[in-house]
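*Asks:* Produce the complete structure using the sequences and hints provided.
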Amino acid sequence: MILNQVISVSSTFINQLLHWADQFSYVSVLRSNPDGDYTYPGGTHYDQLIAIDAEFVLNCKAGNAFEKLDQFCRKHTGKWLFGHLSYDLKQETEHIRSSHPEKIGFEDLSFFVPKHVFVQQNGNWYYNGVESFETILASIESFKTPKIDHKPVELQPLITQEVYLKQVAQMQWHIQRGDIYEANFCQAFVGVNKEFNPLEVFDALMKKAPTPFAAFYKNNSSYLLSASPERFIQKKADELISQPIKGTAKRGKSKEDDLQIARALKSNPKEQAENVMIVDLVRNDLSHYAQRGSVTVPELFGTYQFPQVHQLISTVSCKLKSESDFIPALKAAFPMGSMTGAPKRRAMEIIEELESFKRGLFSGSVGYISPEGDADFNVVIRSILHNAETGTVMCPVGGAITIQATPEEEYAESLLKAEAIIQLLKG
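According to this note's numbering, the sequence shown is numbered sequentially starting from 7.
If you are wondering where the hints come from, they were derived from the structure by calculation, not from laboratory data. The model shown is predicted, which means the values in this text are computed figures rather than measured ones. This list has only true hints and no planted wrong ones.
DSS-like mimics (lysine-lysine), calculated; alpha carbons at most 25 Å apart, straight line:
(1) 364 - 109
(2) 150 - 121
(3) 423 - 157
(4) 213 - 432
(5) 364 - 337
(6) 213 - 153
(7) 157 - 214
(8) 259 - 214
(9) 214 - 432
(10) 256 - 432
(11) 81 - 242
(12) 256 - 423
(13) 74 - 242
(14) 109 - 67
(15) 74 - 85
(16) 172 - 423
*Replies:* The structure is reproduced here in C-alpha cells:
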C-alpha cells in the first residue's frame, strides 16, 4: 500500500502516543512483535498498527451484523477499518443464544474508521490521518498523562476443579454417544479492581509474552489486552489463510529438554487428533466461498515455539471466488473451529450447556481491513478482558476435549495457559 512519508518516533513517543490515545472511545493497537522469541508460519504484514479515535462507527448486535459489516465495508472502500467479532455472533451464524450473564460489555460486532493510523512496517513508522502529523504531534507532546495507581488483582476461578472435571466428563459422554468428535471447553478466572491500568498491564504482558497477534483494544469502557498467538483469517488479494492452533505443551528447562517436548507434542496421537479434526472443519468452512479445488493444507502439525509454550499449528488456504465474498466467507468460518469443535453447531450447543460464563469477545476476533481490502484477524485467547466502569477483570482459558483426553490433564493445561496472566496481575 502507499504510505505517507516516514516519521521519526521513539519508544518514549509510542508510550506517550498510547496514553494520548486512551482518552478516546475507540483504540486498536495490533502488534506482531517481530522481535519476540518465537517463530510463526507466514509472519504478518505489519510490525504494528495503531488506530485512534473514530470518524465512522458500526456497532450492532447479532441478527444481521455481518450483512451490516459488508455494507459498512462497501461504504468505506479505500479506508482503514478496525474492529472485533464477538463469539456471541454464534446467535447469528448458528442460532445459539447464551443465557449466561455478560461481564465485560463488548458489542457483538463493532468496527470503526479511525481518524488516525500509525503504521510500523519493516521498522519504519508512517502516519495516515485526517490531520497533519505536525498537528497531531503537538497534541500528543502537550498531553499530560494521567497518573493511575495500578493495584494488583487476584483472579479466582468461576468453577472449582471438581466442577471442571465433572463438566469435561459430561462432554466426553457426548463424544461417546457420537454427538460430537471434539469440543473446546473453557473456564474463566475473574476479579474486580477499579484501580486497573490497562496500558501498564498491556506493557507488562508484552514483556512477558510477546506474540504475533497481540492487541490492546478499547471499545468505550471495555478493554481487551491480548497476547494471542493464533491467526483466525488473513486475506491477501484473493487468498485466504487460516492457521488453527490445537496442541499445547510447556517449554523445557534446557535446550535438550525443550527439543524433546516439541518432538513429543508433534507425534502425540491425541494432539494430532485434535488438530486434524479442526483442520478438516476449517477446510469445510473455507470451501463455501472458495474457488473449486483451491482449498489446500500447506502445512499440517507445524511445531512452533512461544515464550511459555510450544504450539501445534496447521495452515489452511484457499482462493476466494470473488474478493467481494470476503465478509460472507468470514461469516461462514465464524466462530473459528479451534474454539468450538466438530461438528461445529452441536459442539457449540454442548459448550453453552456446560460452560459457566458468557464468552463475549473471548474466542472471538479482533483485526483490520486495509484500504486495499487485505485483512488479518486473530483469535482472542491468552487475554485479559476488563470493564473500566465495573472494575471487572476476566481471564478465560480453554482446551480441546476429545475421547482420549484425561480430565485432570486438561485441567492442568488450562492452569498452564492462565498461569502467566494470573501471576502478572498479582504483581
